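J.: Produce the entire structure from the sequences given, and follow the hints as far as they go.
Each chain, letter by letter, is given below.
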Amino acid sequence: MKIGSFYLEKRTHVRWYIQGLSILIALLGAFGVGALLIKTTGANVGEAYAALFKGAFGSRNAFLETLVQSTPLILTGLAMVVAFRARVWNIGAEGQFFAGAMAAAWVSMSLHDTLPYPLLLAAVLGSAMVAGACWSLIAAYCKIRFNANIIIVTVMMNYIILFLLSYLLSNTWREPGSYFMQTARFERITYLPRFFSSRLHLGFFNALIAAALVYLIVWKTSLGYSIRAVGVNPVASQFKGIQIKRTILTVMLISGALAGLAGGGEIAGLQHRLRLDISTGYGYTGIIIALLGRLNPVGVALAAIFFGALVNGSTHMQIFTGVPVALVQSLQGIVLIFLLMSDVLTRYRIRRMPHAD
Amino acid sequence: MSKRTWMLAIMLGLAGWALAVQADQPKKLKVALITNTTVEEPWNTAAIQAFDRIIALKPHGLDVELKVQENVAMTDGERVLRTYAQTGEYGIIWCQGQYPDAVEALHEDFPEICWVEAGSAYKPLGGNVYWVQMYVHEPAYLLGMLAGMITENDTIGAVAAYPFPNVNLPINGYLRGALAVNPNAKMKMTYIDSWFDPARAKESALAQISSGADVIYAERFGPFEACVDKDVYAFGHYVDQSPLAPEVVLGSTLALWDPAILYIVDAWWEREVDGKEYDGPMKEVVFSMAEGGSGVAISEALSAKLPEGVMARFEEAKQSIMDGSLKVPFSEKQVLSD
Chain R
214 MKIGSFYLEK RTHVRWYIQG LSILIALLGA FGVGALLIKT TGANVGEAYA ALFKGAFGSR
274 NAFLETLVQS TPLILTGLAM VVAFRARVWN IGAEGQFFAG AMAAAWVSMS LHDTLPYPLL
334 LAAVLGSAMV AGACWSLIAA YCKIRFNANI IIVTVMMNYI ILFLLSYLLS NTWREPGSYF
394 MQTARFERIT YLPRFFSSRL HLGFFNALIA AALVYLIVWK TSLGYSIRAV GVNPVASQFK
454 GIQIKRTILT VMLISGALAG LAGGGEIAGL QHRLRLDIST GYGYTGIIIA LLGRLNPVGV
514 ALAAIFFGAL VNGSTHMQIF TGVPVALVQS LQGIVLIFLL MSDVLTRYRI RRMPHAD
Chain Y
2 MSKRTWMLAI MLGLAGWALA VQADQPKKLK VALITNTTVE EPWNTAAIQA FDRIIALKPH
62 GLDVELKVQE NVAMTDGERV LRTYAQTGEY GIIWCQGQYP DAVEALHEDF PEICWVEAGS
122 AYKPLGGNVY WVQMYVHEPA YLLGMLAGMI TENDTIGAVA AYPFPNVNLP INGYLRGALA
182 VNPNAKMKMT YIDSWFDPAR AKESALAQIS SGADVIYAER FGPFEACVDK DVYAFGHYVD
242 QSPLAPEVVL GSTLALWDPA ILYIVDAWWE REVDGKEYDG PMKEVVFSMA EGGSGVAISE
302 ALSAKLPEGV MARFEEAKQS IMDGSLKVPF SEKQVLSD
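These protein sequences, in sequence, are chains R and Y. First residue of the first sequence: 214, per this note's numbering; consecutive thereafter. First residue of the second sequence: 2, per this note's numbering; consecutive thereafter.
What the hints contain is simulated information worked out from the structure, not anything from laboratory work. Please note that a few of the clues may not be correct.
Unchecked claim - Covered stretches of chain R, as calculated for chain Y (at least 3 residues, CB under 8 Å):
#1 392 to 399
#2 485 to 495
#3 521 to 530
Claimed, not checked - With a straight-line Cα cutoff of 20 Å, these simulated EDC-like cross-link-like pairs (lysine to aspartate or glutamate) come out:
#4 Y:LYS28 <-> Y:ASP53
#5 Y:LYS124 <-> R:GLU388
#6 Y:LYS284 <-> Y:GLU109
#7 Y:LYS28 <-> Y:ASP275
#8 Y:LYS124 <-> Y:GLU79
#9 Y:LYS28 <-> Y:GLU66
#10 Y:LYS189 <-> Y:ASP339
#11 Y:LYS28 <-> Y:GLU90
#12 R:LYS267 <-> Y:GLU79
#13 Y:LYS306 <-> Y:ASP232
#14 Y:LYS124 <-> R:GLU400
#15 Y:LYS68 <-> Y:GLU42
#16 Y:LYS68 <-> R:GLU260
#17 R:LYS267 <-> Y:GLU90
#18 Y:LYS334 <-> R:GLU388
#19 Y:LYS29 <-> Y:ASP275
#20 Y:LYS231 <-> Y:ASP215
#21 Y:LYS28 <-> Y:GLU113
Note that the coordinates shown come from a computational prediction; the quantities given were computed from them, not determined experimentally. From the three backbone atoms N, C-alpha and C, an ideal C-beta is built for every residue, glycine too.
T.: Here you go:
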């Protein structure tokens, strides 16, 4: 790529500590810009960041709540890892999240008095995964059968499911006599168990297990080899006998199931009723999480906890320093920008054009 | 010591004790106000304006401090409310947004806090949970009377959020008011199925105007622009909205939270000072227009241009509501378009 008299040359090998360093520099840059934003509110930068940290990790309860906030992000982040490793740009985790939530809600509402307790929870979470996978399957089919652009299809599917849910919540699923578009609260038997007398629920541990499984699948199986091979070079993979279409399909199913599980976990572990606003864009934030975690399950878990901490700490920061919660939302965007910049700088080298004469 | 010295000593002791008790009384009260939407939303603005007046009033000599947290989603309510409660600094947590699940989950963990639920979506919990409600059907009735008197086509309009009880209530009041002075009045009614959708509200108002309505009650944001374009009168909701479009907004209902806030501050004070436990009633608490719980704002510039007798009739009805001789019917049923 040429920029004026400079061009970018791809580095052949980037050492792991350079990658780590680039993330660190990106985060520092983002927090630096964030500091300027805090300045504009008239607050003390150090105090604001200290309050942010304290709100996220300052006490046992704060830390556990941070983990609660990170739970859906770990799963949507993992969903992106699987897809992006194969260079399948699934931007539909938001819709798949809602598909999972809707299936979990349906099972909670209709099967709570037919299935015994542990089986019921398995059905709630299992149906969420199946529903997420099915919703993602539609996009995968469009890609495989018609070679439709997967980004566009998955984004459109996000809107379709929201309107479907909106229809259900204003008609059949609506809580009778309620003021809001929401289902009735589910029976207590459908709730995921909680731990440490906090809101930390089983969903968090499911997310950790999912991270381990994603690692095993992507790096320790032949399927994972195909996924990564297709991601690096689809043409060469095809010549080596990897079935591209089947890989895309599998990747989309796994990715959708993970996002669906995130939705199911939020429903069964936290909200206990279905509403249109159960997601604050977890599907989209998952993309940033995956990039921040360098498409690596451990990185994703850490990045998700970092973002969960930002959200959880922001309330504490607003209470004690008056810096609005919105700062954290902009901070998340700034992190992404710096991350993309540092990504280019670590993977490419800037060189001066050799003179023609 | 003589008897007189004893008496003096006892009196001094009593005075000292009284002073000590006085000194023990709280001087400061921190209130957290949590909202679903932005503070610019009239529902929230009205509450914040009322708090500002209470802060100036200093009830029980208290320095009341208000902390507002806006845009808290209902699904995030439990986390945010708990964060406020855990600071231990807030005597009152006032939910101007709707967080029934969160308050239900939290109120027993924080018995020293007075939890206030403002609005319709709640159910009574008693104890340290107080449910205050806002009814503005009386001012809406008065605005309806104005509408009925000034409409030239005998057609009035209203643009509202959802056909929910607390939305239908002022709309019914408005319609009854119009019919009271103009039995021929026809009503154009649109529910925009959103709490905040200015574009849709404006379109709805335009549709009503083109089908003959020449005065619009804007229960939500948006219709004023249409009214300015087509030059018809409009009414605002919850706060005096005439500054938004002074050329058309003739009046607004006012949601005055002041008596509700004082009622809550008293409950908090009685527990702090007299040790009286919280005892939230098992029903919603409402203050009528006569009790100062609601009111009506009228644009002086515009009302001066109205035909003779209109404002006199309005003032007379207002007086009758205030002294109780006029009872505005209470109806929460959905209003249909004529």
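J.: Next step is simple, just say for each hint if it's right about the structure.
T.: Against the structure, the hints:
Proximity of the stretch 392 to 399 of chain R to chain Y, defined as three or more residues with a beta carbon under 8 Å from a beta carbon of that chain, is established by the 3 residues found. Given a C-beta distance limit of less than 8 Å, the hint that chain Y covers the stretch 485 to 495 of chain R holds, as 6 residues qualify and 3 suffice. Using a Cβ-Cβ cut-off of 8 Å, 3 residues of the stretch 521 to 530 of chain R lie near chain Y, which meets the minimum of three, so the contact claim holds. Proximity of Y:LYS28 to Y:ASP53 is assessed by CA-CA distance (about 17 Å); at most 20 Å being required, the pair is judged to hold.
Using a Cα cut-off of 20 Å, the hinted pair Y:LYS124 and R:GLU388 holds, with the two alpha carbons roughly 14 Å apart. A C-alpha spacing of about 19 Å is found between Y:LYS284 and Y:GLU109, which places the hinted pair at or below 20 Å, so the restraint holds. Distance hint between Y:LYS28 and Y:ASP275 is fulfilled; the C-alpha atoms sit about 15 Å from each other, no more than 20 Å. Taking the CA atoms of Y:LYS124 and Y:GLU79, the gap is near 17 Å; set against the 20 Å cutoff, the hint holds.
For the hint pairing Y:LYS28 with Y:GLU66, the CA-to-CA distance comes to about 11 Å; that is within 20 Å, so the pair holds. The suggested pairing of Y:LYS189 with Y:ASP339 holds, with an alpha-carbon distance near 6 Å, which does not exceed 20 Å. Proximity of Y:LYS28 to Y:GLU90 is assessed by CA-CA distance (about 13 Å); at most 20 Å being required, the pair is judged to hold. A hinted pair counts as satisfied when its Cα atoms are at most 20 Å apart, and R:LYS267 with Y:GLU79 qualifies at roughly 19 Å.
Of the pairs offered as hints, the one joining Y:LYS306 and Y:ASP232 holds, with about 14 Å between alpha carbons and a cut-off of 20 Å not exceeded. The suggested pairing of Y:LYS124 with R:GLU400 holds, with an alpha-carbon distance near 19 Å, which does not exceed 20 Å. Distance restraint check for Y:LYS68 and Y:GLU42: the Cα-Cα separation of roughly 17 Å lies within the 20 Å cut-off, and the hinted pair is therefore satisfied. In summary, the hint linking Y:LYS68 to R:GLU260 is supported, as the alpha carbons are separated by about 18 Å, within the 20 Å threshold.
Restraint check: the Cα-Cα separation between R:LYS267 and Y:GLU90 comes to about 16 Å, which is no more than 20 Å; the hinted pair holds. Between Y:LYS334 and R:GLU388, the direct Cα distance comes to roughly 19 Å. Compliance with the 20 Å bound is thereby established for this hinted pair. As the CA atoms of Y:LYS29 and Y:ASP275 are separated by approximately 16 Å, the hinted pair is consistent with the 20 Å bound. A threshold of 20 Å between alpha carbons decides the hint, and for Y:LYS231 with Y:ASP215 the separation of about 9 Å falls inside it, so the pair holds.
The suggested pairing of Y:LYS28 with Y:GLU113 holds, with an alpha-carbon distance near 17 Å, which does not exceed 20 Å.
When held up to the earlier numbered hints, the structure conflicts with none and fits them all.
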